[in-house]
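**Student:** Produce the complete structure using the sequences and hints provided.
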Amino acid sequence: MKREVEKILGLVQKPARYTGGELNEVIKNKDEVDIRYAFCFPDLYEIGMSNLGMKILYSVINSRDDAWCERVFAPDNDMEAIMREKGIPLFALESGDYIRDFDAIGFSLSYELSYSNMINMIDLAGLPVLSKDRSALTPIIMAGGACACNPEPVADFVDLFQLGDGEEMMQDVLDLLKECKKNGKSKQEFLKKAAQIQGIYVPSLYDVAYNEDGTIRSVTPVDGVPAKVTKRLVSNMDTVLYPDKFVVPFIDVVHDRVVTEIFRGCIRGCRFCQACFLNRPIREKSPEVINEDCKRLCESSGYDEISLCSLSTSDYSHLTDLLNQLLSWTTDDKINIALPSLRVDNFPEELLEKLNEVRRSGLTFAPEAGTQRLRDVINKNVTEEEVIETSKKAFSGGWTAVKLYFMIGLPTETMEDVEGIAKLAQEVVDTYYRNPDKPKGKSVAVSVSASSFVPKPFTPFQWEAQDTPEMLAAKQEHLKESVRTKKVSLHFHDIRISFFEGILARGDRKLNQVMLKAWQKGCKFDSWDDQFRFDDWMEAFRECGIDPAFYTSRKREFTEILPWDHLDYGIRREFLENENKKAHEAITTPHCREKCSACGAAKLNGGKCDAMCKNMVP
Amino acid sequence: MQCVRIWFRKTGRVKYVSHLDIMRCMTRAVRRAKIPLWYTEGFNPHPYLNFLQPMPLGIEGMEEPLDIRIEGEITKEQIRDNLNAVLPEGLSIVRVSEPYMKPTDIAFASYEIIFQYEEKLTKKLTDAMNSGALICEKMGKVNGRKRIKQVNVSENIKSYELTERDTQIVLRVIFPCGNTKNVNPLNLMTAINSCLNTDLVPLNIVRLGLLDENLLRFE
Numbered sequence: 000m001k002r003e004v005e006k007i008l009g010l011v012q013k014p015a016r017y018t019g020g021e022l023n024e025v026i027k028n029k030d031e032v033d034i035r036y037a038f039c040f041p042d043l044y045e046i047g048m049s050n051l052g053m054k055i056l057y058s059v060i061n062s063r064d065d066a067w068c069e070r071v072f073a074p075d076n077d078m079e080a081i082m083r084e085k086g087i088p089l090f091a092l093e094s095g096d097y098i099r100d101f102d103a104i105g106f107s108l109s110y111e112l113s114y115s116n117m118i119n120m121i122d123l124a125g126l127p128v129l130s131k132d133r134s135a136l137t138p139i140i141m142a143g144g145a146c147a148c149n150p151e152p153v154a155d156f157v158d159l160f161q162l163g164d165g166e167e168m169m170q171d172v173l174d175l176l177k178e179c180k181k182n183g184k185s186k187q188e189f190l191k192k193a194a195q196i197q198g199i200y201v202p203s204l205y206d207v208a209y210n211e212d213g214t215i216r217s218v219t220p221v222d223g224v225p226a227k228v229t230k231r232l233v234s235n236m237d238t239v240l241y242p243d244k245f246v247v248p249f250i251d252v253v254h255d256r257v258v259t260e261i262f263r264g265c266i267r268g269c270r271f272c273q274a275c276f277l278n279r280p281i282r283e284k285s286p287e288v289i290n291e292d293c294k295r296l297c298e299s300s301g302y303d304e305i306s307l308c309s310l311s312t313s314d315y316s317h318l319t320d321l322l323n324q325l326l327s328w329t330t331d332d333k334i335n336i337a338l339p340s341l342r343v344d345n346f347p348e349e350l351l352e353k354l355n356e357v358r359r360s361g362l363t364f365a366p367e368a369g370t371q372r373l374r375d376v377i378n379k380n381v382t383e384e385e386v387i388e389t390s391k392k393a394f395s396g397g398w399t400a401v402k403l404y405f406m407i408g409l410p411t412e413t414m415e416d417v418e419g420i421a422k423l424a425q426e427v428v429d430t431y432y433r434n435p436d437k438p439k440g441k442s443v444a445v446s447v448s449a450s451s452f453v454p455k456p457f458t459p460f461q462w463e464a465q466d467t468p469e470m471l472a473a474k475q476e477h478l479k480e481s482v483r484t485k486k487v488s489l490h491f492h493d494i495r496i497s498f499f500e501g502i503l504a505r506g507d508r509k510l511n512q513v514m515l516k517a518w519q520k521g522c523k524f525d526s527w528d529d530q531f532r533f534d535d536w537m538e539a540f541r542e543c544g545i546d547p548a549f550y551t552s553r554k555r556e557f558t559e560i561l562p563w564d565h566l567d568y569g570i571r572r573e574f575l576e577n578e579n580k581k582a583h584e585a586i587t588t589p590h591c592r593e594k595c596s597a598c599g600a601a602k603l604n605g606g607k608c609d610a611m612c613k614n615m616v617p
Numbered sequence: 000m001q002c003v004r005i006w007f008r009k010t011g012r013v014k015y016v017s018h019l020d021i022m023r024c025m026t027r028a029v030r031r032a033k034i035p036l037w038y039t040e041g042f043n044p045h046p047y048l049n050f051l052q053p054m055p056l057g058i059e060g061m062e063e064p065l066d067i068r069i070e071g072e073i074t075k076e077q078i079r080d081n082l083n084a085v086l087p088e089g090l091s092i093v094r095v096s097e098p099y100m101k102p103t104d105i106a107f108a109s110y111e112i113i114f115q116y117e118e119k120l121t122k123k124l125t126d127a128m129n130s131g132a133l134i135c136e137k138m139g140k141v142n143g144r145k146r147i148k149q150v151n152v153s154e155n156i157k158s159y160e161l162t163e164r165d166t167q168i169v170l171r172v173i174f175p176c177g178n179t180k181n182v183n184p185l186n187l188m189t190a191i192n193s194c195l196n197t198d199l200v201p202l203n204i205v206r207l208g209l210l211d212e213n214l215l216r217f218e
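Protein sequences, first through last, are from chains G and R. Residue numbering for the first sequence follows numbering that gives the first Met the number 0, beginning at 0 and increasing consecutively. Residue numbering for the second sequence follows numbering that gives the first Met the number 0, beginning at 0 and increasing consecutively.
No lab work stands behind these hints: they were computed from the structure. Keep in mind that the hints are not guaranteed to be accurate.
Claimed, not checked - Pairs of lysine-lysine residues, derived as DSS-like cross-links and limited to a Cα-Cα distance of at most 30 Å, are as follows:
no., chain 1, residue 1, chain 2, residue 2
1, G, K54, R, K123
2, R, K33, G, K6
3, R, K33, G, K294
4, G, K27, R, K157
5, G, K227, G, K186
6, G, K1, R, K123
7, G, K391, G, K333
8, R, K33, G, K85
9, R, K180, G, K294
What the hints assert, rightly or not - If you want the footprint, here are the derived chain R segments under chain G, 3+ residues with CB under 8 Å:
no., stretch
10, 86-98
11, 111-119
Stated by the list, open to error - These stretches of chain G come out as covered by chain R in the derived footprint (C-beta under 8 Å, 3 or more residues):
no., stretch
12, 249-260
13, 374-380
Each residue gets a CB set at the ideal place from its N, CA and C atoms; glycine is no exception.
**Tutor:** What follows is the structure, given as structure tokens:
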């Protein structure tokens with residue numbers, strides 16, 4: 000750590016965010032590596048250290064002898080102010096060295112609301128924020144993560160994007176960077192070559208032309224780069240590198256536990272869910288490998304909780320087998336197993352009991368919509384009976400608190416659907432009181448969280464209009480009025496933030512100027528309710544002459560060229576169109592194990608998909 | 000069930016890790032070290048760790064006591080070696096002993112505040128220390144309300160000593176420490192800076208050890 004940094008640590012909150020030195024951090028000799036990589040997460044340490052993608056890529060890059068990957072997070076406001084005052088540029092945690100001197104800077108973009116932090120971090124590093132103003136080959140700035148599926152709103156700031164799974168793609172990029180650095184190649188030469196790697200999108204090599212109404216007329220590749228950029232995909236989850244060590248933070252972070260992925264993709268096909276479609280086809284990891292990973296990670300970290308990570312845990316085809324393997328040692332070691340994203344409809348009861356031997360965790364359902372009709376529209380195939388039946392079981396098992404997740408502002412939603420949320424919550428409360436052996440003198444607590452729906456690229460709802468802030472406010476108000484018991488507590492998302500997220504999610508390159516302006520006005524930490532500066536953002540839009548409603552409340556035609564149409568995540572466009580039509584007729588689509596609906600993603604995996612449906616369409 | 004006292008050292012950048020976070024870190028370390036721990040018997044079983052004296056943020060500790068409860072066969076040397084094999088950079092176990100004294104026997108702590116050598120600094124510091132009026136402002140409660148209080152640090156200095164060594168000036172000071180009265184050496188730094196009208200940032204502050212009321216080493 001540099002002395003000038005150490006001098007200011009006494010002046011800031013939680014200095015351990017900036018010191019590094021945690022258990023299992025990787026230290027290398029900087030003179031013995033060819034590539035120094037700064038892995039940046041554009042949010043606070045506590046958030047970033049929970050990110051699984053970062054843990055994986057940290058191990059992937061550090062598994063190379065010729066590269067050293069270090070971690071960087073967005074400093075909190077107090078730290079940033081002092082850094083700017085004293086002229087201390089952004090530094091990496093492991094070495095304390097300034098990242099402007101690194102060879103590559105990579106950002107993990109998991110949510111749109113972190114874009115402004117990324118721009119701020121590039122500036123704090125002491126680098127020009129716009130890609131075109133950085134002429135040298137190094138540091139090259141790249142980004143990946145879920146938001147890479149439509150990176151157009153920040154295309155001017157980043158040199159290249161990585162689409163899809165990063166494990167193998169990162170190696171190819173670093174190999175190329177090392178070679179170009181050694182041979183004295185220019186940034187342009189490097190980018191041109193990088194654009195030929197599958198999964199790499201170099202926005203400056205694609206020209207976008209617009210129609211008079213602001214929609215896109217054409218996207219033209221230049222210099223012989225592929226017209227469509229296809230995402231990269233890890234085919235075998237058992238052999239791909241998974242960390243055997245996690246950096247164990249000192250300070251309390253959001254998710255502080257062992258995490259292992261059990262499969263990628265999702266068989267359910269809920270029409271609002273971007274993660275489902277971005278990560279198809281299904282690729283499962285075998286229970287033996289997961290069990291070994293968990294053991295190694297628990298031993299090297301000392302964590303007392305394991306979280307099995309996937310988009311829908313109970314759809315993992317070897318779940319019982321895996322849990323039995325895990326439970327054979329975790330109970331004795333007092334290690335708790337957490338199963339997020341569990342569908343209780345197909346989960347054996349005796350396993351649930353075994354799981355709760357160490358520590359009892361909370362119970363959460365996500366019916367997402369209040370009425371069966373609307374649940375059919377979004378293809379969330381959960382029935383009211385299932386929710387009630389499971390709550391009944393849970394209550395007789397001693398639970399007294401249940402969380403329910405919903406969305407408001409879904410396509411075709413009416414006030415009746417909104418009321419349905421309150422009715423369903425009431426029904427859960429009633430179920431509790433109908434239970435004959437409920438604990439004496441204990442009340443039930445049903446917590447309802449209603450977030451606002453934001454249409455996302457690569458989902459069947461990518462063409463839909465988003466509800467205006469006024470409509471969402473009316474729906475929130477109506478839901479408040481519909482709840483008539485204190486046993487149900489309501490939680491909403493900030494409507495303005497959802498509106499803003501909607502702009503960025505389906506934005507195009509015209510938004511880059513707005514991003515720049517808003518950042519200059521001081522916008523950052525947009526995902527933090529207390530720091531989000533809506534008025535400054537709207538002013539930036541006005542100054543650039545751009546109407547935010549163009550991106551949110553405008554319904555797109557199937558014929559329109561969408562800003563992300565030149566990016567390919569394997570999902571056929573006809574499939575998405577068809578799903579959209581079915582949504583409007585409230586027709587559901589069976590999940591992938593029941594019937595393959597030919598989404599097209601398996602094509603990227605040599606026709607393989609672990610949904611393993613008999614009548615699969617490759 | 001048996002109680003043992005672990006003496007750990009906290010040096011380098013890990014001094015910026017707060018007391019609460021060190022507690023969590025140590026809890027994980029004893030798990031990794033495969034020490035046969037005694038677990039509490041409630042709904043949320045967890046190992047029993049008792050940190051006898053919290054450390055202020057940004058201060059190194061040479062010998063800090065931590066009591067743990069174990070169950071089963073393991074020697075003190077094994078505990079020390081197993082833990083040292085798994086602790087992160089900057090944390091280490093100096094020794095493991097029986098808990099000879101009660102935690103309430105802690106009465107004082109001795110600190111070293113180390114400055115970069117500067118001409119006339121020793122003289123200035125001596126004057127400040129002798130002034131008898133080293134005032135520091137800190138948040139405290141007055142009649143149950145949060146107020147900024149003026150605290151005279153001088154009143155709480157049990158003894159001090161100023162020496163020059165190599166390129167450094169070392170201020171050794173003994174403060175009350177324990178459950179009833181506690182002085183953070185950072186408050187002394189604030190007071191010195193406001194007395195001398197400077198913004199000195201010491202190279203390091205170290206807690207050398209804990210003492211009982213007769214100024215003998217806490218064991």
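**Student:** All hints, please: hold or fail.
**Tutor:** Do the hints match the structure? See the list:
| no. | hint | verdict |
| --- | --- | --- |
| 1 | K54(G) / K123(R) | violated, 50 Å |
| 2 | K33(R) / K6(G) | violated, 38 Å |
| 3 | K33(R) / K294(G) | holds, 14 Å |
| 4 | K27(G) / K157(R) | violated, 46 Å |
| 5 | K227(G) / K186(G) | holds, 22 Å |
| 6 | K1(G) / K123(R) | holds, 28 Å |
| 7 | K391(G) / K333(G) | holds, 28 Å |
| 8 | K33(R) / K85(G) | violated, 45 Å |
| 9 | K180(R) / K294(G) | violated, 45 Å |
| 10 | 86-98 | holds (count 4) |
| 11 | 111-119 | violated (count 0) |
| 12 | 249-260 | holds (count 3) |
| 13 | 374-380 | violated (count 0) |
The earlier numbered hints that this structure contradicts are 1, 2, 4, 8, 9, 11 and 13.
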